[in-house]
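Colleague: Sequence:
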Amino acid sequence: KGSKSAKTKLTGQEKRIKELLDKRVSYSAIGRILGVHRLTVSSFVRERL
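Going by the working numbering, the first residue of the sequence shown is number 1, and it counts up by one from there.
For the record, the hints were derived by calculation from the structure and aren't laboratory data. Using N, Cα and C, we set each Cβ at its ideal position, and we do this for glycine too. One thing to keep in mind: the hints can contain errors.
In silico lysine-lysine, BS3-like type, Cα no more than 25 Å apart, as pairs [stated by the list, open to error]:
| hint | residue 1 | residue 2 |
| --- | --- | --- |
| 1 | Lys7 | Lys18 |
| 2 | Lys7 | Lys23 |
| 3 | Lys4 | Lys15 |
| 4 | Lys4 | Lys18 |
| 5 | Lys9 | Lys23 |
Pairwise CB distance ranges, derived in the manner of DEER restraints [to be verified]:
| hint | residue 1 | residue 2 | range |
| --- | --- | --- | --- |
| 6 | Arg32 | Gly12 | 14 to 20 Å |
| 7 | Arg24 | Arg46 | 16 to 22 Å |
| 8 | His37 | Gly12 | 16 to 22 Å |
| 9 | Lys4 | Arg24 | 15 to 21 Å |
| 10 | Glu19 | Glu47 | 16 to 22 Å |
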């Protein structure tokens, strides 16, 4: 836990995350789908999308 940055964990998932957000899927649900914490998704979206 806490070893990799959000960027590393979610690199290459931008398209998938964007599709899920377009479908109004919550950060919590996206996190469960991708196997990361909701705050990891949140910070990734803030920085990358």
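Colleague: All hints, please: hold or fail.
Modeller: Against the structure, the hints come out as follows:
1. Lys7 - Lys18: holds, 15 Å
2. Lys7 - Lys23: holds, 22 Å
3. Lys4 - Lys15: holds, 20 Å
4. Lys4 - Lys18: holds, 22 Å
5. Lys9 - Lys23: holds, 22 Å
6. Arg32 - Gly12: 14 to 20 Å: holds, 18 Å
7. Arg24 - Arg46: 16 to 22 Å: Cβ of Arg24 to Cβ of Arg46: about 18 Å, so the range 16 to 22 Å holds.
8. His37 - Gly12: 16 to 22 Å: holds, 18 Å
9. Lys4 - Arg24: 15 to 21 Å: Given about 28 Å between the Cβ atoms, the range is violated.
10. Glu19 - Glu47: 16 to 22 Å: holds, 18 Å
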